[in-house]
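Top line first, the protein sequences correspond to chains A, B and C. Heads up, the final residue of the first sequence is numbered 232 in this note's numbering, and it's a clean run with no missing numbers. Heads up, the final residue of the second sequence is numbered 300 in this note's numbering, and it's a clean run with no missing numbers. Heads up, the final residue of the third sequence is numbered 105 in this note's numbering, and it's a clean run with no missing numbers.
Calculated directly from the structure, the hints in this document are not laboratory data. Yeah, the Cβ is synthetic: ideal placement off N, Cα and C, and Gly gets one too. A portion of the hints provided could be inaccurate.
20 Å max Cα-Cα, derived SDA-like pairs, lysine to any residue [as the list claims (entries may be wrong)]:
hint: 1; chain 1: A; residue 1: LYS155; chain 2: B; residue 2: ASP260
hint: 2; chain 1: A; residue 1: LYS155; chain 2: A; residue 2: ASN168
hint: 3; chain 1: A; residue 1: LYS155; chain 2: B; residue 2: HIS233
hint: 4; chain 1: A; residue 1: LYS155; chain 2: B; residue 2: GLY43
hint: 5; chain 1: A; residue 1: LYS155; chain 2: C; residue 2: GLY3
hint: 6; chain 1: A; residue 1: LYS155; chain 2: B; residue 2: GLN41
hint: 7; chain 1: A; residue 1: LYS155; chain 2: A; residue 2: SER165
hint: 8; chain 1: A; residue 1: LYS155; chain 2: C; residue 2: GLY31
hint: 9; chain 1: A; residue 1: LYS155; chain 2: B; residue 2: VAL178
So the derived label-pair ranges between C-beta atoms look like this [said to hold, decoys possible]:
hint: 10; chain 1: B; residue 1: ALA134; chain 2: A; residue 2: GLU159; range: 42 to 50 Å
hint: 11; chain 1: A; residue 1: GLY189; chain 2: B; residue 2: ALA194; range: 53 to 61 Å
hint: 12; chain 1: C; residue 1: ASP12; chain 2: A; residue 2: ARG220; range: 38 to 46 Å
hint: 13; chain 1: A; residue 1: SER167; chain 2: C; residue 2: THR6; range: 42 to 50 Å
hint: 14; chain 1: A; residue 1: GLU64; chain 2: B; residue 2: SER286; range: 36 to 44 Å
hint: 15; chain 1: A; residue 1: ARG208; chain 2: B; residue 2: GLU272; range: 51 to 59 Å
hint: 16; chain 1: A; residue 1: ASP14; chain 2: B; residue 2: ALA250; range: 34 to 42 Å
hint: 17; chain 1: A; residue 1: ARG203; chain 2: B; residue 2: ALA293; range: 36 to 44 Å
hint: 18; chain 1: B; residue 1: GLU8; chain 2: A; residue 2: SER167; range: 37 to 45 Å
hint: 19; chain 1: A; residue 1: ASP190; chain 2: C; residue 2: PRO22; range: 52 to 60 Å
hint: 20; chain 1: A; residue 1: ARG203; chain 2: C; residue 2: THR6; range: 46 to 54 Å
hint: 21; chain 1: B; residue 1: ARG95; chain 2: C; residue 2: PRO39; range: 28 to 36 Å
hint: 22; chain 1: B; residue 1: SER5; chain 2: A; residue 2: ARG106; range: 36 to 44 Å
hint: 23; chain 1: A; residue 1: ALA194; chain 2: B; residue 2: LEU295; range: 44 to 52 Å
Covered by chain B, per the in silico footprint, the following chain A stretches (three or more residues, Cβ under 8 Å) [stated by the list, open to error]:
hint: 24; segment: 45-58
hint: 25; segment: 69-83
hint: 26; segment: 123-137
hint: 27; segment: 205-218
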Amino acid sequence: MAWQAVAARLFGSDHAIVADGDFLAGSAPFEGTTLAVVGTTNHAAVGVDLALRQARAVLATVAEHPGRPLLLLVDTQGQALRRRDELLGIHRAMAHLGCCLDLARRRGHPVVGLVYDQALSGGFITSGLMADACHALPEAQIRVMRVPAMARVTKLPEELLESLSRSNPVFAPGVANYVAMGGVRSLWGDDLAAGLRAALADRDTTDRRAQEGAQRGGRRAAADVIRRVLEA
Amino acid sequence: MSVASFAEMSARERLAAVVDAGSFHEWLPPAERVTSPHLAQLGVPAAFDDGVAIGRATVAGRAVFVAAQEGGFMGGGVGEVHGAKLAGLLRRALRDRPDAVLILAESGGVRLHEANAGLIAVSEVMRALLDVRAAGIATVMLIGGANGCFGGMGIVARCADTVVMSDIARHAMSGPEVIESAHGAGEFDARDRALVWRTTGGKHRWLCGDCDALVDDDAAAFRAAAVAALDAHRPMTLEELQRESALLQARADADGDNADAFELWSRLGVAEPREVPDLDADALRSRRPAAVAALAQGAA
Amino acid sequence: MAGMETLNFAFDGGRPLAPFAPTLVGVVASGNLEVLVEPSDDTGCRIAVDTSARGFGPVWEAVLRDFHERHGLGGIAVAIHDMGATPAVVSLRLDQAIAAIAGDA
Numbered sequence: 001m002a003w004q005a006v007a008a009r010l011f012g013s014d015h016a017i018v019a020d021g022d023f024l025a026g027s028a029p030f031e032g033t034t035l036a037v038v039g040t041t042n043h044a045a046v047g048v049d050l051a052l053r054q055a056r057a058v059l060a061t062v063a064e065h066p067g068r069p070l071l072l073l074v075d076t077q078g079q080a081l082r083r084r085d086e087l088l089g090i091h092r093a094m095a096h097l098g099c100c101l102d103l104a105r106r107r108g109h110p111v112v113g114l115v116y117d118q119a120l121s122g123g124f125i126t127s128g129l130m131a132d133a134c135h136a137l138p139e140a141q142i143r144v145m146r147v148p149a150m151a152r153v154t155k156l157p158e159e160l161l162e163s164l165s166r167s168n169p170v171f172a173p174g175v176a177n178y179v180a181m182g183g184v185r186s187l188w189g190d191d192l193a194a195g196l197r198a199a200l201a202d203r204d205t206t207d208r209r210a211q212e213g214a215q216r217g218g219r220r221a222a223a224d225v226i227r228r229v230l231e232a
Numbered sequence: 001m002s003v004a005s006f007a008e009m010s011a012r013e014r015l016a017a018v019v020d021a022g023s024f025h026e027w028l029p030p031a032e033r034v035t036s037p038h039l040a041q042l043g044v045p046a047a048f049d050d051g052v053a054i055g056r057a058t059v060a061g062r063a064v065f066v067a068a069q070e071g072g073f074m075g076g077g078v079g080e081v082h083g084a085k086l087a088g089l090l091r092r093a094l095r096d097r098p099d100a101v102l103i104l105a106e107s108g109g110v111r112l113h114e115a116n117a118g119l120i121a122v123s124e125v126m127r128a129l130l131d132v133r134a135a136g137i138a139t140v141m142l143i144g145g146a147n148g149c150f151g152g153m154g155i156v157a158r159c160a161d162t163v164v165m166s167d168i169a170r171h172a173m174s175g176p177e178v179i180e181s182a183h184g185a186g187e188f189d190a191r192d193r194a195l196v197w198r199t200t201g202g203k204h205r206w207l208c209g210d211c212d213a214l215v216d217d218d219a220a221a222f223r224a225a226a227v228a229a230l231d232a233h234r235p236m237t238l239e240e241l242q243r244e245s246a247l248l249q250a251r252a253d254a255d256g257d258n259a260d261a262f263e264l265w266s267r268l269g270v271a272e273p274r275e276v277p278d279l280d281a282d283a284l285r286s287r288r289p290a291a292v293a294a295l296a297q298g299a300a
Numbered sequence: 001m002a003g004m005e006t007l008n009f010a011f012d013g014g015r016p017l018a019p020f021a022p023t024l025v026g027v028v029a030s031g032n033l034e035v036l037v038e039p040s041d042d043t044g045c046r047i048a049v050d051t052s053a054r055g056f057g058p059v060w061e062a063v064l065r066d067f068h069e070r071h072g073l074g075g076i077a078v079a080i081h082d083m084g085a086t087p088a089v090v091s092l093r094l095d096q097a098i099a100a101i102a103g104d105a
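Next comes chain A alone, as it looks inside the complex (with noise of 0.2 Å):
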């Protein structure tokens, strides 16, 4: 789904939200509040200047509209992969971004993500997975890489990671798998404005991922083995 289509559903006509290349920011209001919107579109590669820019815009929320809550919209296809991006850092601008999403939750600001279209890899753990708890459109995908670059790195047959990538949860990018894993707290059906409404009020910001992965059953070590070590 377009991001234009998604602000419709969630908000009308009656938002602020522009793109600006592969950059979205701007506010929208929604059932008596005004929310701030940051995020990427056009499967954005993120680099160090996309990084910089959601931050700002992040930081500005924070600056001047303290408790504004922040919905990410997540469309990405994860780093960028150039020469420059490296030099000037996109490690750090990345953490920088993850840091001050996290600033604005230590500020009481309410932080929901949402994946509406893909999201890999390292523009996924800077921004949904930054968020409060990330939640996704049913037909979205989340992945670390793709088969065939997942292939040269890992040397593993490119048929087998397919293969993989079909049936076994680890590999599979569909995020009805994330959610038995805990990645995505819920899929947004038909009424994107439930979904909101539901995800901004759940005030808990503790990370729950381990457990609900467990709960869940799609992913049982680790809530077992952070458990482990906290009685160690």
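For this one, chain A is given, so just place chains B and C on it according to the hints.
Relative to the frame of chain A, chains B and C by itself:
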């Protein structure tokens, strides 16, 4: 006096060299066989500690929690169990409040063999690390392995108060092979080692202010830097992040036209940039531009 | 597709070591292995091998029997995760593990 190469040591050897002798008490040690549930299906052997040793220790007599990633196992990649050990260590630090959490990081990032589970695990480590930092506990990353610190772990590491690098280490997102694969050798020639190191290596990160201490490839030097970092906690405030935002944008603007590292260093105020590759950590320390050093201090 | 191969060996006899803590040497990397040695209630020497290099059963038997004859230890359980190490490297790691135990004694 012989210099013990930090890079050539195993994770456990590094850990032993950095903490006070005999002070390391391991949690979930190898004998407990807390291993990956995902590797056997790919015909890959497990490691008894899933590639990371965690526990408590002392450094200069002060209580720390410590983790050491083994770069030799799966490239130090973070899988479900490996990540949960790190997340558990950090959550325990919130409860037990050691003076610092010290992570000897060597990792390619998410362990691709565990894909989705590894991706979520890295994020859980990142959230937990930021919680520890927000609680006022110093967080320290020692990056000195041959594999460097990349990917999701590269992001996590830069969330810490202090990043210590040796001149042979690298800290970045994507490796040069991945970039060359995507956009060709003209974009980034992975075989040009000098180019790779001046783009992502410790000396470059030091000169730009992206790492907080630069040391030689020497276990004793890493230990000394770790001791200094115990008191280097910096709370993450709005002002700090605004300052960082300006710093990073200014640097991106200085690079503007896709310049090489030499040109970027020159624009940042580094004297005689062409000499940098031949200088050791000691000699390089004084070359860091005053403006970079001042910003790195943050609010006094 | 081919997975791991698991091999188990048991050698009789041997003198027990003084009580020791579980000891790990090596790293699971290509051409390398990790070896975990623990005290065991059995009087002999038990060795369990998980390896990604399939089909070398007889080689393992020879290398591990040689280890048992060289050190003559009983009451120990050895567990190995192997990623294609040569017999020389396997023998080296086993010797290093025993040396580490003796060093801690």
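Cross-check of the supplied hints:
1. At roughly 32 Å between alpha-carbon atoms, LYS155/A and ASP260/B are farther apart than 20 Å, so this suggested pair is violated.
2. Of the supplied pair hints, the one linking LYS155/A and ASN168/A holds, its CA atoms being roughly 19 Å apart against a limit of 20 Å.
3. Taking the CA atoms of LYS155/A and HIS233/B, the gap is near 41 Å; set against the 20 Å cutoff, the hint is violated.
4. Proximity of LYS155/A to GLY43/B is assessed by CA-CA distance (about 12 Å); at most 20 Å being required, the pair is judged to hold.
5. Distance check on the hinted pair: LYS155/A and GLY3/C sit about 15 Å apart at the alpha-carbon level, within 20 Å; holds.
6. At most 20 Å may separate the alpha-carbon atoms for a hinted pair to count; LYS155/A and GLN41/B meet this at roughly 15 Å.
7. In summary, the hint linking LYS155/A to SER165/A is supported, as the alpha carbons are separated by about 16 Å, within the 20 Å threshold.
8. For the suggested pair LYS155/A and GLY31/C, the alpha carbons sit about 16 Å apart, so the restraint of at most 20 Å is met.
9. Between the alpha carbons of LYS155/A and VAL178/B the distance comes to roughly 14 Å, so the proposed pair stays at or under 20 Å and holds.
10. One distance hint, 42 to 50 Å for the beta-carbon pair ALA134/B and GLU159/A, holds here, with the actual separation near 46 Å.
11. The supplied range of 53 to 61 Å is met by GLY189/A and ALA194/B, whose beta-carbon atoms lie about 54 Å from each other.
12. Range check, ASP12/C to ARG220/A: about 40 Å between beta-carbon atoms, so the 38 to 46 Å window is met.
13. Taking 42 to 50 Å as the suggested C-beta distance range, the pair SER167/A and THR6/C does not conform, at roughly 24 Å.
14. Range check, GLU64/A to SER286/B: Cβ separation about 41 Å, and the 36 to 44 Å hint holds.
15. Our hint of 51 to 59 Å for ARG208/A and GLU272/B holds, since their Cβ atoms are close to 53 Å apart.
16. Separated by about 37 Å at the C-beta atoms, ASP14/A and ALA250/B satisfy the suggested range of 34 to 42 Å.
17. A C-beta distance of roughly 41 Å is found between ARG203/A and ALA293/B, which places it inside the suggested range of 36 to 44 Å.
18. Here the CB-CB span from GLU8/B to SER167/A is close to 41 Å, well matched to the stated 37 to 45 Å.
19. The hinted range of 52 to 60 Å is satisfied by ASP190/A and PRO22/C, whose Cβ atoms lie roughly 56 Å apart.
20. Look at ARG203/A against THR6/C: about 50 Å separates their beta carbons, and that is inside 46 to 54 Å.
21. About 33 Å separates the C-beta atoms of ARG95/B and PRO39/C, a value consistent with the hinted range of 28 to 36 Å.
22. About 40 Å separates the C-beta atoms of SER5/B and ARG106/A, a value consistent with the hinted range of 36 to 44 Å.
23. About 46 Å separates the C-beta atoms of ALA194/A and LEU295/B, a value consistent with the hinted range of 44 to 52 Å.
24. Residues of the segment 45-58 of chain A with a Cβ under 8 Å from some Cβ of chain B number 5, which satisfies the need for three, so the listed coverage holds.
25. With 4 residues having a Cβ less than 8 Å from any Cβ of chain B, the segment 69-83 of chain A passes the three-residue criterion, so the hint holds.
26. Counting residues of the segment 123-137 of chain A whose beta-carbon sits less than 8 Å from any beta-carbon of chain B gives 5, enough to reach three: the coverage restraint holds.
27. Note: the segment 205-218 of chain A has 4 residues with beta-carbon separation from chain B under 8 Å; the three-residue rule is met and the coverage holds.
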